Amino acid sequence: METTIVESDRLVQARALVASLEAGNDTEATRIIMAFPENVEKDLFQEVGRLTRELHEAIIGFAMDDKVVQAVQHEMPDAAERLAYVIEMTEIAANTTLKAVEDSMPVAEELLHVSDKLAAEWGRFRGRKMELADFRSLSDDIGGFLILASGHSKILNKNLSEVLLAQGYQDLSGQIIRRVITLINEVEEKLVRLVAISGTTRVQKTKKEELAMEGPAVPNIEQGDMLNSQDDVDDLLSSLGF
Amino acid sequence: MKILVVDDFSTMRRIIKNLLRDLGFTNTHEADDGLTALPMLQSGNFDFLVSDWNMPGMTGIDLLKAVRADPKLANLPVLMVTAETKREQIIQAAEAGVNGYVIKPFTAGTLKEKISKIFDRVAS
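So the sequence lines, in the order shown, correspond to chains R and W. If you're matching positions, the first sequence starts at 1 in our numbering and goes up one per residue. If you're matching positions, the second sequence starts at 1 in our numbering and goes up one per residue.
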């Protein structure tokens, strides 16, 4: 509707302009010409004004959104803490694994060295190339080796168990990283909405479900009432009659 | 002793299975969340359930509730092995009827202790 009015206004103005030019009325013609850009500018200013107001309201709405405030004030710094904790956790796991491997290598090497030596002696005995005195010494060595093998196997078993348990970092760091990914997705969604408001196309926002679970305890982060150790958990459970 | 280990991280399932094997339990099976675990439990004659809490699909707490609500499974011993250490959550698990609660990261000793404690109780 507005457009037709504007167009017909312009048509009236154009006819008046032609009429005044034909009549040789230069003053009137100039006045009409000068009025044109003024109209265009007025429309433009009105449109810019409207967009500015909408954007302003959108930004206020965006800033008032609790989840955005929460994200900026708490979750972003939390995410950084969480990721730093992942680095720490993976480093501890890597060091535990490396130490267990380093401790195991000389143990395995000693087993190999001693059994190789005994195998050579045993070969001499089997080939009947051994004196009785040498056999007595070999017999003692074999007895000693059996004790050594048993003790060393226990050490290797203990070290391998440490390697096994150290791999738990993958689960814990995975859970923490998943949370950070969720946060990044939420912030991205908000930013897309802001862009959509200031542009012309609106993007449908997908509502994410709230996470009720807290996930692994991360040092230096406010996570509510978290228990720090298995002992605390045991105390709580026994207070509940467990 | 037939045991079901439920965790969405396969590394953690392997760790628990290996620790259980060290403790002499070799008949262990795996599921990656409550939705896969529940039908296995309903048809599999399991003697013991070890479950994580935070899993996609169906969480460990929902699995625990479903187990307690099923007359055939209601008495199945359940050990929760989880990174969730919030006081309210542990209370919630206790109220839902969990038999033991181990927080990650754990030691082989802790797991062994909690499992023997559960079996001692079941036996008595």
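By construction, these hints were calculated from the structure, which means they are not laboratory data. Worth double-checking, as some hints may not be accurate.
Unchecked claim - Derived BS3-like pairs (lysine-lysine); straight-line CA-CA distance at most 27 Å:
1) R:LYS117 - R:LYS129
2) R:LYS158 - W:LYS86
3) R:LYS158 - W:LYS72
4) W:LYS72 - W:LYS17
5) W:LYS2 - W:LYS72
6) W:LYS17 - R:LYS99
7) R:LYS67 - W:LYS86
8) R:LYS99 - W:LYS117
9) R:LYS158 - W:LYS17
10) W:LYS112 - R:LYS154
11) R:LYS117 - R:LYS154
12) W:LYS117 - R:LYS154
13) R:LYS154 - W:LYS17
14) W:LYS117 - R:LYS158
None of these values were measured; they are calculated from a predicted model.
Against the structure, the hints:
With a C-alpha separation of about 16 Å, the suggested pairing of LYS117 (chain R) with LYS129 (chain R) holds against the 27 Å cut-off. A threshold of 27 Å between alpha carbons decides the hint, and for LYS158 (chain R) with LYS86 (chain W) the separation of about 32 Å lies outside it, so the pair is violated. This hinted pair does not check out: LYS158 (chain R) and LYS72 (chain W) have alpha carbons roughly 39 Å apart, beyond 27 Å. A hinted pair counts as satisfied when its Cα atoms are at most 27 Å apart, and LYS72 (chain W) with LYS17 (chain W) qualifies at roughly 25 Å.
For the suggested pair LYS2 (chain W) and LYS72 (chain W), the alpha carbons sit about 16 Å apart, so the restraint of at most 27 Å is met. With a C-alpha separation of about 23 Å, the suggested pair LYS17 (chain W) and LYS99 (chain R) falls inside the 27 Å cut-off, and the hint holds. Annotation: proposed proximity of LYS67 (chain R) to LYS86 (chain W) holds, straight-line Cα distance about 22 Å (limit 27 Å). Simply put, LYS99 (chain R) and LYS117 (chain W) have alpha-carbon atoms about 32 Å apart, too far for the 27 Å limit, and the pair is violated.
Annotation: proposed proximity of LYS158 (chain R) to LYS17 (chain W) holds, straight-line Cα distance about 16 Å (limit 27 Å). For a cut-off of 27 Å, the pair hint linking LYS112 (chain W) to LYS154 (chain R) stands: about 18 Å separates their Cα positions. Of the supplied pair hints, the one linking LYS117 (chain R) and LYS154 (chain R) holds, its CA atoms being roughly 22 Å apart against a limit of 27 Å. Only pairs whose Cα atoms come within 27 Å are accepted, and LYS117 (chain W) paired with LYS154 (chain R) is accepted, the gap being roughly 26 Å.
Among the hinted pairs, LYS154 (chain R) with LYS17 (chain W) is consistent with the structure: their alpha-carbon atoms are about 20 Å apart, no more than 27 Å. Of the supplied pair hints, the one linking LYS117 (chain W) and LYS158 (chain R) holds, its CA atoms being roughly 23 Å apart against a limit of 27 Å.
When each numbered hint is compared with the structure, violations occur for hints 2, 3, 8.
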